[in-house]
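With the first letter of the sequence shown counted as 1, position 21 gets the number 21 in full-length UniProt numbering; the numbers rise by one all the way through.
It is possible that part of the hints are untrue.
Distance windows between CB atoms, simulated [what the hints assert, rightly or not]:
| hint | residue 1 | residue 2 | range |
| --- | --- | --- | --- |
| 1 | Ser59 | Thr265 | 30 to 36 angstroms |
| 2 | Leu127 | Ala271 | 50 to 56 angstroms |
| 3 | Gln211 | Val37 | 36 to 42 angstroms |
| 4 | Ala78 | Gln109 | 38 to 44 angstroms |
| 5 | Gln211 | His279 | 43 to 49 angstroms |
| 6 | Gln211 | Leu91 | 26 to 32 angstroms |
| 7 | Arg287 | Gly35 | 36 to 42 angstroms |
| 8 | Gly247 | Ala131 | 18 to 24 angstroms |
| 9 | Pro263 | Leu91 | 17 to 23 angstroms |
| 10 | Arg25 | Gln109 | 49 to 55 angstroms |
| 11 | Gln75 | Gln211 | 31 to 37 angstroms |
Quick caveat, the hints were computed from the structure, so don't treat them as lab data. We treat Cβ as the ideally placed atom computed from N, Cα and C, and that holds for glycine.
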Amino acid sequence: MTAARQDAPVTAAQPAEGVAVTCHRLIHIYPTATGDVVALSGVDLSIAAGEMLALVGPSGSGKSTLVAILGGLMQPSAGRVHVGDHELSRLPAKGLAALRGATVGTVLQGAERNLLPYLSLSRNIWLAQRAVARAARRRLDPPEAILELVGLAGAGARRVGDLTPGQRQRAALAQGLAAGPGLLLVDEPTSQLDVAGRDEVLAALTTVNAQRGTTVVVVTHDGEVGAQLGRAVTIRDGRVGAEGRDGRDFAVVAGDGTIQLPPETSAAFPAGTLFEVDHTDQSITLRAVATPSSRPGNGGVTNVDDPPDQAV
1 MTAARQDAPV TAAQPAEGVA VTCHRLIHIY PTATGDVVAL SGVDLSIAAG
51 EMLALVGPSG SGKSTLVAIL GGLMQPSAGR VHVGDHELSR LPAKGLAALR
101 GATVGTVLQG AERNLLPYLS LSRNIWLAQR AVARAARRRL DPPEAILELV
151 GLAGAGARRV GDLTPGQRQR AALAQGLAAG PGLLLVDEPT SQLDVAGRDE
201 VLAALTTVNA QRGTTVVVVT HDGEVGAQLG RAVTIRDGRV GAEGRDGRDF
251 AVVAGDGTIQ LPPETSAAFP AGTLFEVDHT DQSITLRAVA TPSSRPGNGG
301 VTNVDDPPDQ AV
């Protein structure tokens with residue numbers, strides 16, 4: 001009689017190292033029956049290995065499309081994406097699958113979408129690790145160690161239905177960390193949580209980043225989430241519209257030289273406004289000199305008397 005083969009137990013691994021991410025002139029277009037929809041319109045973005053970053057913006061701004069591309073779930077229409085040493089457009093389907101299995105962990109919006117409700121938390125993580133461990137041939141942390149990392153020590157035998165909303169979201173994070181990824185992409189992890197649950201999830205992400213060096217990218221509508229992560233990139237109309245770092249807000253020069261003005265500034269200066277540009281070594285000053293006008297005989301513009309300077 002031949003003894004049944006059993007998988008070797010999963011043992012502790014060395015901490016994962018974060019991977020860097022670079023996007024260059026990223027464009028993505030969705031064809032529809034009524035015409036093309038431009039989701040991304042020339043995104044340039046650099047994320048350092050081991051950095052924590054929030055992608056902030058309203059629904060339809062393009063941030064979820066950007067994360068799907070970073071995770072190798074779709075190819076951009078144009079532009080280049082590097083995740084670690086890999087340029088994603090050059091990877092075949094098998095290479096993208098290997099990347100998703102070993103290098104990139106993705107947590108979908110809605111904790112329940114990431115977990116099988118009829119299995120315990122430990123079994124959920126073990127199942128996610130099983131194929132990855134065999135394909136990548138490396139040692140992974142045991143489920144209990146991953147659960148402890150996100151603040152769920154001793155919860156391995158519990159099921160999804162036994163958890164609070166905040167605990168469910170942290171269990172989903174543990175699922176995304178099952179393969180020890182260098183990049184963790186998390187879509188709206190706090191949108192359905194109260195303040196206490198939100199802070200628990202953010203604390204778990206901070207612990208993962210600090211202890212494992214994992215690069216963490218969080219998609220969110222909540223500006224407070226971005227403030228707590230330290231760096232927040234605002235996506236507006238498919239482009240990088242602004243960036244916040246350590247409580248300060250900045251405009252961002254895109255790869256084609258354009259700058260998106262903050263919404264409150266844009267509202268004061270309609271499209272077609274003419275600006276003078278004064279450039280010194282230390283600053284750039286934009287001075288509005290004329291605004292569009294429907295009145296004939298003036299070249300379609302109206303002069304601005306004593307316009308306010310907009311320093312960039």
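Hint-by-hint comparison with the structure:
no. : hint                                : result
1   : Ser59 x Thr265: 30 to 36 angstroms  : violated, 23 angstroms
2   : Leu127 x Ala271: 50 to 56 angstroms : holds, 53 angstroms
3   : Gln211 x Val37: 36 to 42 angstroms  : holds, 40 angstroms
4   : Ala78 x Gln109: 38 to 44 angstroms  : violated, 26 angstroms
5   : Gln211 x His279: 43 to 49 angstroms : holds, 45 angstroms
6   : Gln211 x Leu91: 26 to 32 angstroms  : holds, 29 angstroms
7   : Arg287 x Gly35: 36 to 42 angstroms  : holds, 38 angstroms
8   : Gly247 x Ala131: 18 to 24 angstroms : violated, 43 angstroms
9   : Pro263 x Leu91: 17 to 23 angstroms  : violated, 37 angstroms
10  : Arg25 x Gln109: 49 to 55 angstroms  : violated, 27 angstroms
11  : Gln75 x Gln211: 31 to 37 angstroms  : holds, 33 angstroms
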